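2 protein chains.
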Amino acid sequence: MSPSEWSLSSRLEQDTISIGDLPLSRVLVIKDAHYPWLLLVPRRPDVSEIIDLDEVAQAQLMTEIARVSRALKEVTKCDKLNVAALGNLVPQLHIHIIARRSSDVAWPRPVWGVMPPLAHDPEEVQQFINLLRRKIWLS
Amino acid sequence: MSPSEWSLSSRLEQDTISIGDLPLSRVLVIKDAHYPWLLLVPRRPDVSEIIDLDEVAQAQLMTEIARVSRALKEVTKCDKLNVAALGNLVPQLHIHIIARRSSDVAWPRPVWGVMPPLAHDPEEVQQFINLLRRKIWLS
Chain U
1 MSPSEWSLSS RLEQDTISIG DLPLSRVLVI KDAHYPWLLL VPRRPDVSEI
51 IDLDEVAQAQ LMTEIARVSR ALKEVTKCDK LNVAALGNLV PQLHIHIIAR
101 RSSDVAWPRP VWGVMPPLAH DPEEVQQFIN LLRRKIWLS
Chain F
1 MSPSEWSLSS RLEQDTISIG DLPLSRVLVI KDAHYPWLLL VPRRPDVSEI
51 IDLDEVAQAQ LMTEIARVSR ALKEVTKCDK LNVAALGNLV PQLHIHIIAR
101 RSSDVAWPRP VWGVMPPLAH DPEEVQQFIN LLRRKIWLS
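Line by line, the protein sequences are chains U and F. The UniProt record's numbering applies: residue 1 is where the first sequence begins, and numbers increase by one. The UniProt record's numbering applies: residue 1 is where the second sequence begins, and numbers increase by one.
These are calculated hints, taken from the structure and not from any lab test. Computed from a prediction, not measured in an experiment: that's the story for all the values here. Take these hints with a grain of salt, some might be off.
Since copy identity is lost for identical chains, a pair holds within one copy or between any two.
What the hints assert, rightly or not - For lysine to any residue, the following SDA-like pairs were computed, each having C-alpha atoms within a straight-line distance of at most 25 angstroms:
| no. | residue 1 | residue 2 |
| --- | --- | --- |
| 1 | Lys77 | Ser48 |
| 2 | Lys31 | Pro108 |
| 3 | Lys31 | Glu13 |
| 4 | Lys135 | Met115 |
| 5 | Lys77 | Ser10 |
| 6 | Lys135 | Val114 |
| 7 | Lys77 | Arg44 |
| 8 | Lys77 | Ser7 |
| 9 | Lys73 | Pro45 |
| 10 | Lys135 | Val47 |
| 11 | Lys77 | Val90 |
| 12 | Lys135 | Val90 |
| 13 | Lys135 | Arg11 |
| 14 | Lys73 | His120 |
| 15 | Lys135 | Asp52 |
| 16 | Lys77 | Glu49 |
In isolation and in its complexed conformation, chain U is listed as follows:
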């Protein structure tokens, strides 16, 4: 594989379930049942900041953030969305899109570092993924 070819970082691969690709980004579900928690990972090599993307890709990223945010909000009926590009530990650019409820274990704090991940019920997460796929790709 050429060094400029994109691949998902092994840390993100391990912590997520892929649900499909938008024109720019892979859409992933974080393996943590505490929160409905998605990632968008632009399929561009060697990118760690939003400003490492060219302007066309930045605009496409915003379009995909909005599309996935709307779908996540409709599926979860959440109280708030949290959207963040942090990447202090995993440098590959990835955008967190998290459905927050005022009853969740971390509320009102940000979710990072509050609780160890909780394993999903396999049927529940599959149902969540099916609903999301329909909203993101068909709506």
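Dock chain F against the given chain U, drawing on the hints supplied.
Below, chain F alone, put in the same frame as chain U:
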């Protein structure tokens, strides 16, 4: 004032110094010397999520995030940018753009809730604001 007119939330007003307006957003510095920490607040009433903005404003927001991020990175020579729309406590949509260093007090964690804010040295923050203003509005 009509209820649909925009104004900065009192909590954000209290915690920040305004450095100017871009076409969509007010640019603010958070009063915390632990990190070079900016906010973008779209001047649109009744908006708490990115997806509450129309598509034109969403695209403009991405343009302004990129412009301010580039300026902040150039001025601070930081190791990483953190960009986030959370808003669990202050519902008015505001985008955090934070310059992170691997030597800062919260690294590698996100900054929220780690340390109480540290007062700025007035001369230092003014110098930082002057440099930023030049980069954001003149570059």
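Hint by hint, here is what the structure shows:
| no. | hint | result |
| --- | --- | --- |
| 1 | Lys77 / Ser48 | between (31 angstroms within a copy, 15 angstroms between copies) |
| 2 | Lys31 / Pro108 | both (21 angstroms within a copy, 21 angstroms between copies) |
| 3 | Lys31 / Glu13 | within (10 angstroms within a copy, 38 angstroms between copies) |
| 4 | Lys135 / Met115 | neither (29 angstroms within a copy, 39 angstroms between copies) |
| 5 | Lys77 / Ser10 | neither (31 angstroms within a copy, 28 angstroms between copies) |
| 6 | Lys135 / Val114 | neither (29 angstroms within a copy, 36 angstroms between copies) |
| 7 | Lys77 / Arg44 | between (32 angstroms within a copy, 24 angstroms between copies) |
| 8 | Lys77 / Ser7 | neither (33 angstroms within a copy, 28 angstroms between copies) |
| 9 | Lys73 / Pro45 | between (30 angstroms within a copy, 21 angstroms between copies) |
| 10 | Lys135 / Val47 | between (28 angstroms within a copy, 23 angstroms between copies) |
| 11 | Lys77 / Val90 | between (29 angstroms within a copy, 20 angstroms between copies) |
| 12 | Lys135 / Val90 | neither (28 angstroms within a copy, 29 angstroms between copies) |
| 13 | Lys135 / Arg11 | neither (27 angstroms within a copy, 35 angstroms between copies) |
| 14 | Lys73 / His120 | within (19 angstroms within a copy, 38 angstroms between copies) |
| 15 | Lys135 / Asp52 | between (29 angstroms within a copy, 18 angstroms between copies) |
| 16 | Lys77 / Glu49 | between (30 angstroms within a copy, 14 angstroms between copies) |
Checked against the numbered hints given earlier, the structure breaks hints 4, 5, 6, 8, 12 and 13 and satisfies all the rest.
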